[in-house]
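Taken in order, these protein sequences are the chains called A and B.
Just so it is clear: in the first sequence, position 187 is 187 by this note's numbering, and no numbers are missing.
Just so it is clear: in the second sequence, position 185 is 185 by this note's numbering, and no numbers are missing.
Hints were generated in silico from the structure; no laboratory data involved.
Hints should not be assumed to be uniformly reliable.
Claimed, not checked - Non-contacting residues of chain A with respect to chain B, defined by C-beta distances greater than 12 Å in every case (computed):
| id | residue |
| --- | --- |
| 1 | Ala-15 |
| 2 | Gly-21 |
| 3 | Thr-30 |
| 4 | Met-31 |
| 5 | Glu-33 |
| 6 | Gly-40 |
| 7 | Asp-57 |
| 8 | Asp-101 |
| 9 | Ile-116 |
| 10 | Arg-118 |
| 11 | Gln-166 |
| 12 | His-247 |
| 13 | Ala-265 |
| 14 | Ala-266 |
Said to hold, decoys possible - Examples of chain B residues lying across from chain A (beta carbon under 10 Å, computed):
| id | residue |
| --- | --- |
| 15 | Leu-38 |
| 16 | Gly-40 |
| 17 | Gln-41 |
| 18 | Ser-104 |
| 19 | Pro-141 |
Glycine is no exception: its CB is placed at the ideal position from the N, C-alpha and C atoms.
Number of protein chains: 2
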Amino acid sequence: MATHPAARGLADDCAVLEIGGETLVLTHDTMVESVHFLPGQDLEDVGWKLVATNVSDLAAKGAKPLAALLSYQLGGDDLAFLRGLQSALQHYGDAALLGGDTVSAPGPKTVGLTLIGRATHVPVPSRSGARPGDGVWISGPVGAAMLGLEALQSGVGNSSAYRRPQARLGCGQELAPLVSAMMDVSDGLLLDARRMAEASGVTIALDYAAIPIAVPEARRDEALRWGDDYQLLFSAPPEATLPSGYHRIGTVRPQGPQPLLLDGAAPAGTLGYEHG
Amino acid sequence: MATHPAARGLADDCAVLEIGGETLVLTHDTMVESVHFLPGQDLEDVGWKLVATNVSDLAAKGAKPLAALLSYQLGGDDLAFLRGLQSALQHYGDAALLGGDTVSAPGPKTVGLTLIGRATHVPVPSRSGARPGDGVWISGPVGAAMLGLEALQSGVGNSSAYRRPQARLGCGQELAPLVSAMMDVSDGLLLDARRMAEASGVTIALDYAAIPIAVPEARRDEALRWGDDYQLLFSAPPEATLPSGYHRIGTVRPQGPQPLLLDGAAPAGTLGYEHG
């Protein structure tokens, strides 16, 4: 679909709509059983995660959640799902669940959420604004969700990073006025960094050892390719004064033959989770 | 779900959001293969219908489409789907497809659309405003989609009323300032009329013979229980001066033991298509 003009808007994670002097940011994420969550997984966690993934899209735009519409395929513990959904909406600024649609259907459980937010800064950051000379930064370590999924599957260890990811909503709002480009890392740091480079028409050169990880060093390569941590990846001009707590992981260079370099070479293998 | 506070918003088909001096109307409809469309049905028609069902929700609010977000499960002729979707968006006021989400997943094809519109009249009509003494009206005949589905299944006759339903967008805008309550008929006239009566705390008394139908008289009972025609059902005070072309089909009465009467008695059997 990516080459069809109608589908181009789908390449970014959010839409921006100017209306009545306000700038709205809209996003929709769909999650399917066996693809985005485990069969039989606690639906309260699924409800939470559906909100968190959408909030993460708004965070990357520096937007505050206002209202949500739910698309919900009935089945299983529907009330647990709603509990998780509502507690996450409340956690992230008390956005109102305004409506939506329920369906009864066969097949794997499919749930979707449209989240509408209000921009706190204009212009709204995009993934296409990285410029040569900018620093490349990340809001925190990657890999925790990978370990969380393993814990959930094995029944040993803490699975909360996978089950209840934390969207960086506050970070996004404080960063929006300072960044040249921003996006959330949902499909793997290397893949999403390459997307930012391609959207911006630049090369992004990452420093392998500088990337913070939440896993043993031996699993660094995997962590860089694993999504679901919902950190914010951003570029900022050298003169920007960033708040503390962010990690510089690379530099934006003029566009070269490779959009993404890791210690000077194109990274090998799969870079992350490619959607269909 | 209907008794859970979190789910109450889902009972209506649209959400209303006031922002920046504007009144936005938002809706989301999901369609699932084998439930809302036939297996193997032309995806260009499915794309059209997904837009039309959402536009119909906005029509009942007197709103104009502005922008759309798509949730799309890949598979089959994706470009045909997008063609149908885009031509319907263009047909109904050229709303922009701003973004969304694509997923690859097993199971029946599931597609969803969030449509954002701008109210042309405030207060925005709801289904809860019908008052005793009001007339009850419909924008056109019911039953055409039923015949259309039969034509599609048999391969004989014109199936367009089922494949390419027409949302009454212009009607909704001209009616919004005049009605006391309005909704679209998506699940069957009798069922939707009962919903309006229950939401308004009244009894709606319909005149069986006055209801316009697009089918032979012998199939009147079925047509009154069949959805997918997307006519507008509305109530209006006796003093309202309505444009021509609408059909008076009943009267709003004070709340009695039955929310819906058909020629004075509660109608027998299933009233329409009940969602899960």
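Hint check results:
Remark: the non-interface label on Ala-15(A) conflicts with the geometry, its nearest Cβ contact in chain B lying 3 Å away (cut-off 12 Å). Distance check for Gly-21(A) against chain B: the nearest CB is about 5 Å away, which does not clear 12 Å, and the non-interface claim fails. Its beta-carbon lying about 5 Å from the closest one in chain B, Thr-30(A) breaks the requirement of being farther than 12 Å from that chain. Non-interface call for Met-31(A) relative to chain B: violated, since the shortest CB-CB distance, roughly 8 Å, does not exceed 12 Å.
A cut-off of 12 Å between C-beta atoms contradicts the statement that Glu-33(A) is not in contact with chain B; the least separation is 8 Å. The beta carbon of Gly-40(A) is kept farther than 12 Å from every beta carbon of chain B, the shortest such distance being approximately 16 Å. Not every beta carbon of chain B lies more than 12 Å from that of Asp-57(A), the smallest distance being close to 9 Å; the non-interface claim is violated. Its beta-carbon lying about 5 Å from the closest one in chain B, Asp-101(A) breaks the requirement of being farther than 12 Å from that chain.
At roughly 7 Å from the closest C-beta of chain B, the C-beta of Ile-116(A) falls inside 12 Å, breaking its exclusion from the interface. A Cβ of chain B approaches the Cβ of Arg-118(A) within 12 Å, the least distance being about 7 Å, so the stated non-interface status is violated. With a minimum CB-CB distance of about 21 Å to chain B, Gln-166(A) clears the 12 Å threshold, and the non-interface call stands. Its beta-carbon lying about 28 Å from the closest one in chain B, His-247(A) satisfies the requirement of being farther than 12 Å from that chain.
The claim that Ala-265(A) is not at the interface with chain B holds, since no C-beta of that chain comes within 12 Å of its own (minimum 30 Å). Annotated as non-interface, Ala-266(A) keeps its C-beta farther than 12 Å from every C-beta of chain B; the closest such distance is 26 Å. Contact between Leu-38(B) and chain A, as hinted, is not supported at the beta carbon level, the nearest pair being about 14 Å apart and thus beyond 10 Å. The beta carbon of Gly-40(B) is not positioned within 10 Å of any beta carbon in chain A (closest approach about 16 Å), and the interface hint is therefore violated.
At about 15 Å, the closest approach between the beta carbon of Gln-41(B) and any beta carbon in chain A exceeds 10 Å, and the interface hint on this residue is violated. At a threshold of 10 Å, the smallest CB-CB gap from Ser-104(B) to chain A is about 3 Å, leaving the interface hint in force. Using the Cβ-Cβ criterion of 10 Å, the hint placing Pro-141(B) at the interface with chain A is not satisfied: the shortest such distance is roughly 26 Å.
Violation of the numbered hints given earlier is confined to hints 1, 2, 3, 4, 5, 7, 8, 9, 10, 15, 16, 17, 19; the remaining hints are satisfied by the structure.
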